[in-house]
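Novice: Sequence:
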Amino acid sequence: MDLNQIKHLSVLSIDDILKLIPLESNMPQLCELSIKNDVTSDMIERIRLYRFSQIHKLEIGIFTKYSDYITEELFRLFAFVQHLIYKSPIESIQTMICFIDGFKHLSNASFF
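Letter 86 of the sequence shown, counting from 1, is numbered 93 in the working numbering, and no numbers are missing.
It is worth saying that the hints were derived from the structure and are not from the lab. Backbone N, C-alpha and C fix where the C-beta goes; we use that ideal spot for every residue, glycine too. Any given hint might turn out to be false.
Per label pair, the in silico range of CB-to-CB distance [what the hints assert, rightly or not]:
no., residue 1, residue 2, range
1, Ala116, Lys14, 15 to 25 Å
2, Ser32, Glu98, 32 to 42 Å
3, Pro35, Gln101, 31 to 41 Å
Kindly produce the complete structure, drawing on both the sequences and the hints.
Specialist: If you want it as structure tokens, here you go:
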């Protein structure tokens, strides 16, 4: 199967990405990633050694327990995100501001 032309990948869990690492060589055109299930701290621990610099559009939700830790790790893992679709409940305006400030290249954000 030729994965070279894939630009948008939608997976159930962030763990599914581990099967495709390194993304840069397995899917060189990939720039959009949608993760359907909420990301947990355990999932972050399993991928924390990687960087996904080619991902510019990210659709993600976060399990609310340990959300501060998960959020900080996402900024590091997906440092070049320009378009964010956040699909978890927003607990406060501070949460929104944290995401907007944390993704340094962000130009578009949606919160649901």
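Novice: Where does the structure disagree with the numbered hints, that is, which hint numbers, in rising order?
Specialist: Failing hints: none at all.
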